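Enquirer: Sequence:
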Amino acid sequence: MENDGDDAIGFHSPVHKSLSRIEMPSVLFFFGILMAVAALESLGLLFIGAEALKAVVPNIDIVVMALGVGSAVIDNVPLVAASMGMFNDPIDSHLWHFVAYSAGTGGSMLIIGSAAGVVAMGMEKINFMWYLKNIAWLAAIGFVTGAIAFMLIRNLTF
Numbered sequence: 001m002e003n004d005g006d007d008a009i010g011f012h013s014p015v016h017k018s019l020s021r022i023e024m025p026s027v028l029f030f031f032g033i034l035m036a037v038a039a040l041e042s043l044g045l046l047f048i049g050a051e052a053l054k055a056v057v058p059n060i061d062i063v064v065m066a067l068g069v070g071s072a073v074i075d076n077v078p079l080v081a082a083s084m085g086m087f088n089d090p091i092d093s094h095l096w097h098f099v100a101y102s103a104g105t106g107g108s109m110l111i112i113g114s115a116a117g118v119v120a121m122g123m124e125k126i127n128f129m130w131y132l133k134n135i136a137w138l139a140a141i142g143f144v145t146g147a148i149a150f151m152l153i154r155n156l157t158f
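Using the working numbering, you'd call the opening residue of the sequence shown number 1 and step up by one each time.
It cannot be assumed that every hint is accurate.
[Said to hold, decoys possible] Straight-line Cα separation of at most 25 Å, DMTMM-like style, residue types lysine to aspartate or glutamate; simulated pairs:
1. K54 with E41
2. K54 with E23
3. K17 with E124
4. K125 with E41
5. K125 with D89
[Claimed, not checked] Here are the computed distance ranges between Cβ atoms for each label pair:
6. K125 with M84: 32 to 40 Å
7. M24 with V73: 35 to 43 Å
8. W137 with P90: 34 to 42 Å
9. A55 with M151: 15 to 23 Å
10. S20 with V56: 27 to 35 Å
11. K125 with I60: 39 to 47 Å
12. W137 with T157: 28 to 36 Å
13. N88 with K125: 41 to 49 Å
14. D89 with A52: 17 to 25 Å
None of these hints come from the bench; they were simulated from the model.
These numbers come from a predicted model, not from an experiment.
All residues carry an ideal CB built from backbone N, CA and C; glycine is no exception.
Based on the sequences and whatever the hints tell you, model everything.
Expert: Given below as structure tokens:
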């Protein structure tokens with residue numbers, strides 16, 4: 001067999017370079033948050049909290065927006081999973097679009113609310129307090145504005 005020399009040539013892609021810059025503390029922080037939320041979910045506390053919220057606040061739009069605000073602190077995947085047991089709407093209902101918007105966008109209100117934010121903290125050395133002072137209020141305004149726009153469009157079209 002002939003060796004054409006391909007084994008000696010290394011390949012360095014932009015993805016490889018990006019992955020090598022990820023800091024382990026960021027990954028471990030996110031892993032810890034996911035484990036804590038998974039523990040709450042397995043104990044049923046997320047579902048109980050969601051049901052209590054639904055009982056106290058009869059307006060579904062406010063409940064969904066509260067889930068969005070909650071996703072700024074708690075990962076959005078367990079919140080959406082908990083909300084799946086709260087509502088009996090069909091899968092193509094506008095409610096699920098609103099839940100997806102709220103959970104996804106609400107995670108941007110705090111830098112720890114999304115995986116991208118946690119990674120950005122580590123890679124770009126963004127301070128939590130700096131983000132809270134300079135960005136969080138803009139993200140909150142965007143979240144509320146988008147939610148109002150969603151509800152207006154939904155009410156005009158359905």
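Enquirer: I want to verify a distance hint. Is the separation of the beta carbons of K125 and M84 within 32 to 40 Å?
Expert: Given range 32 to 40 Å: holds, Cβ gap about 37 Å.
Enquirer: Decide if the proposed pair is consistent with the structure: K54 and E41, CA atoms, cutoff 25 Å inclusive.
Expert: holds, 17 Å
Enquirer: Between A55 and M151, is the Cβ distance one that fits in 15 to 23 Å?
Expert: The hint (15 to 23 Å, Cβ to Cβ) holds, given that A55 and M151 are roughly 22 Å apart.
Enquirer: Can the restraint linking K125 and D89 be considered satisfied, given a maximum Cα separation of 25 Å?
Expert: violated, 42 Å
Enquirer: Please verify whether K54 and E23 have alpha carbons no more than 25 Å apart.
Expert: Measuring from Cα to Cα gives roughly 39 Å; hence the hint is violated.
Enquirer: Note whether the CB distance of K125 and I60 lies within 39 to 47 Å or breaks it.
Expert: holds, 40 Å
Enquirer: Could you grab the alpha-carbon distance between K17 and E124 and see if it respects the 25 Å cut-off?
Expert: holds, 15 Å
Enquirer: Given the hint of 34 to 42 Å, check if W137 and P90 actually sit that far apart at their C-beta atoms.
Expert: Given range 34 to 42 Å: holds, Cβ gap about 36 Å.
Enquirer: When you take the CB atoms of W137 and T157, is the distance between them in 28 to 36 Å?
Expert: holds, 30 Å
Enquirer: Taking 41 to 49 Å as the hint, is the beta-carbon distance of N88 and K125 inside that range?
Expert: Since the Cβ atoms of N88 and K125 sit about 46 Å apart, the hinted range of 41 to 49 Å holds.
Enquirer: Check the following: the C-beta atoms of S20 and V56 are separated by a distance inside 27 to 35 Å.
Expert: violated, 48 Å
Enquirer: Hint says 35 to 43 Å; check whether the CB-CB distance for M24 and V73 agrees.
Expert: violated, 23 Å
The earlier numbered hints that this structure contradicts are 2, 4, 5, 7, 10.
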